[in-house]
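2 protein chains.
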Amino acid sequence: MGEETFLPIDAAEAGHPDLTTDVLVVGFGAAGTAAILGAREADPDCDILVLERAGGPGGAAAQAGGIIYLGGGTAVQRACGFDDSAENMTTYLMAACGPEPDERKIADYAEGSVAHHDWLVDHGLVFEHSFSQETQMETVGTEGLIYSGGEDAWPFNELVPPAPRGHLIQTKGATGWLVMKTLASAALGAGPHVAYDTTVERLVVDDGVVVGAVARRQGRREVIRARRGVVLAAGGFIWNDEMVARAAPTLLKANWKVGTEADDGRGIQMAQAVGARVKQMHAGEVAFPIIPPRKLMEGILVNGRGQRFINEDTYNGRIGQAALYGEGGDVFLVIDEASYEPNWMGIGASWVCETPAELEAEIGLPAGSLEATLDVYNRHAANGEDPMFHKVPSLLHQLTGPLGAFDLRIGKIPYAVFTLGGVESTTDGEVLGLDGRAIEGLFAAGRTTSGVAAFGYASGLSIGDSTFFGRRAGAAAAARR
Amino acid sequence: MGEETFLPIDAAEAGHPDLTTDVLVVGFGAAGTAAILGAREADPDCDILVLERAGGPGGAAAQAGGIIYLGGGTAVQRACGFDDSAENMTTYLMAACGPEPDERKIADYAEGSVAHHDWLVDHGLVFEHSFSQETQMETVGTEGLIYSGGEDAWPFNELVPPAPRGHLIQTKGATGWLVMKTLASAALGAGPHVAYDTTVERLVVDDGVVVGAVARRQGRREVIRARRGVVLAAGGFIWNDEMVARAAPTLLKANWKVGTEADDGRGIQMAQAVGARVKQMHAGEVAFPIIPPRKLMEGILVNGRGQRFINEDTYNGRIGQAALYGEGGDVFLVIDEASYEPNWMGIGASWVCETPAELEAEIGLPAGSLEATLDVYNRHAANGEDPMFHKVPSLLHQLTGPLGAFDLRIGKIPYAVFTLGGVESTTDGEVLGLDGRAIEGLFAAGRTTSGVAAFGYASGLSIGDSTFFGRRAGAAAAARR
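Chains as they are written, first to last, in the working numbering: chain A, 318 to 798; chain B, 318 to 798.
I should point out that these hints are in silico values taken from the structure, not numbers from a laboratory. Note that the structure is predicted; figures quoted are calculated from it, not measured. Honestly, I wouldn't trust all of these hints.
Which copy? The list can't say, so a pair holds if one copy fits it or any two copies do.
Using 20 Å as the maximum straight-line C-alpha spacing, the simulated DMTMM-like pairs for lysine to aspartate or glutamate come out as follows [as the list claims (entries may be wrong)]:
(1) Lys498 - Asp653
(2) Lys570 - Glu420
(3) Lys570 - Asp335
(4) Lys570 - Asp558
(5) Lys489 - Glu445
(6) Lys729 - Glu679
(7) Lys570 - Asp360
(8) Lys570 - Glu417
(9) Lys570 - Asp439
(10) Lys574 - Glu417
(11) Lys489 - Glu475
Chain A with its partners taken away, still in its complex shape (with noise of 0.2 Å):
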């Protein structure tokens, strides 16, 4: 057993079991931790295994800011005075989540989803009842609630009433590790066998059924029975070069892959093995770390013709999808002295002239082609008005006096990515077929599937719908009989 393929092996061939189990739970980050306590709760005597290949908890989310997408009424967006409702949730999820997204999904994700905040401050998290405008992405302070998906800006502000529902734990910076840690700790109180080190290589199926798998734990191969079902929890594929190549080729050009190495799409090769369809492989989340402070957006963001290209106020995820896929990772942010603050990550001004033509000069853009942006935005932000992109008046102002400019193209900041395709699963976590129907034994959660966000994103809907949707695979898993 030295080779390297994922292909399902069969149950007679596999051999006997070294290992027995009801429920397999594959990856131990967001999606498997929620697994497990998936599985608790619905049967408090079911064995549940997980097999996690780094050497503890953790997975992605780890690394992660640490948002959570949560709304509909949550205690923290309540007490922080936002009105919200699973309908307008839904509503914002289906214009943000698409092109095509999964209806289903972000129905039942709105709808249950000041429940699923109440279960995770159940299990240890505490969110701090305080808003910071600030950022989309992580706080500065402690704060609890941000706007993590462009909610208050243009095209979503104009369909429902912005609601912010990126969720924080109360802790500054990047809080992934924390939340990991909390939660794991819960799952680890959940009494489930854990094995670290260990890399699962291939399913088992007998007669089409997902019967269990073959892991390798430091040079030994094992055969693991589940008699319930295995929950693929194994993350994204952002760490396989020549799958993103295949899938998702404009990924390649960024320079920054979020996630850990074993985001290498097997969990989503092991369940293509054995039939599994997948859903909008083409989709990568692209994080863009411009803001905090917001008032840098009150200058302008273009490509490399001078022109603008979105509302510099939206989401900075979105920025970063149109930034790489649209326009190649050759961006630049305008600003003038009044919208100047140091960028929170260090990025400052690469050049800084005392007029436009001085300045599209320097940056190497076409001539005029930059001072024309500026006479159209400036005619408008006078009336405090953005007939281009409809940023929020509060952020316009005329562009006037010395300007600068930040170098936003690839490689001269990181640009973020990772991977949102994956296999198509209900919102009972089982892996749809080709031919659309549940294939026995094989659920899955994270991004393993293509999720909440099909490529349109917000911060926080990854550690949302992993948790959410891995503890309903962890639930259907240990139903099964």
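Position chain B relative to chain A; hints supplied.
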């Protein structure tokens, strides 16, 4: 067997074959036609059976413009005075067909292109040794050679000396039907068994090897044994809305599907169901019927914000992709009197105004946006330059005086689309499994595969790679023992 499944069936379960052949070709379009001929060339004595869903041969190619992309110094190119080489053709295709095009297929295709031209001529196609600059799709006259991929426009004209490679047979208008009538007639001369009105529903496998297929003809199920191989030449998936929504949702917006109803993805799905892997399933060609006349390209294309977004002189399929994927189908062509001529399809100016300000108001563009775009364009056009998009100097002049605009928004004109994604195959047409190894007994060509054009496209590449690699696939199947 009333079910619609495309999942494979075991040979034992399928039962005794109703028919036995050496090579089974699924689909009698361009790829299937070439597969028949390739199989016959490889083995004068082998049995070939071709099954076609429609009542006769032709497939999508018969409805197409009929361009065939060939180069490297064909007789037509040489007679028209164009220098070309396999190396230049490879360089162009690598740049134009990405991101991440199939380097082996491209090199092979370019290397074998002159011979493929001669083979097509030997099988009855007549190319006039004349060139037209007017169009990039179908000719208005009977000229045999056109630019069909933007080879003479930026950025490709800076890479290698431009050479036109779109070959057209000596007939006016869309010639796909005659290309296919001629080639299918040659294929029929090769003596295959042929069944029309016959749908291949699933593959028959024996221990992982593809050994035949189950077909349905006039309500009757037939099991076909293929001793040497099955060639899937069953088209793409533009007529399968569910598959398009899952894999290439942007294409759902388009309003004209190119192909036949048999382009429902069944071929791709049958292959996936035996473990085939797929490539760039989100890719689609978007034809945009603005020119001829080429003179119209002296105008400027702008999006719904009055901004230019591409050089107008490039291949209109590239314009179509940029318009649909990049601008959401919200584009206009702005012309002055000097650049106006009636469009070949009857598309005319929807608005005519005395000034840019009036025109932008009429169209509904942001005030000042088109004016600013024209200012920059005219400033540089006066010097014969286009630093924004590098349109060739011969098509540059200042746009002044009364202006008109063509309404090219989706819904106003046809955005004609078909899918480019499909199974991954070798240069011999072998279908690759998820693990990168060829699936024994299974071959594919044409739009069932991801071909020469991974995402970027040139007109003629579909009939081009369908016939080139279809022939290879047929030969490889016939040679298999």
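Do the hints match the structure? See the list:
no., hint, in the structure
1, Lys498 - Asp653, "neither (43 Å within a copy, 65 Å between copies)"
2, Lys570 - Glu420, "between (31 Å within a copy, 18 Å between copies)"
3, Lys570 - Asp335, "neither (43 Å within a copy, 52 Å between copies)"
4, Lys570 - Asp558, "within (11 Å within a copy, 30 Å between copies)"
5, Lys489 - Glu445, "within (11 Å within a copy, 72 Å between copies)"
6, Lys729 - Glu679, "within (16 Å within a copy, 41 Å between copies)"
7, Lys570 - Asp360, "neither (46 Å within a copy, 46 Å between copies)"
8, Lys570 - Glu417, "between (25 Å within a copy, 11 Å between copies)"
9, Lys570 - Asp439, "neither (41 Å within a copy, 44 Å between copies)"
10, Lys574 - Glu417, "between (25 Å within a copy, 19 Å between copies)"
11, Lys489 - Glu475, "neither (32 Å within a copy, 51 Å between copies)"
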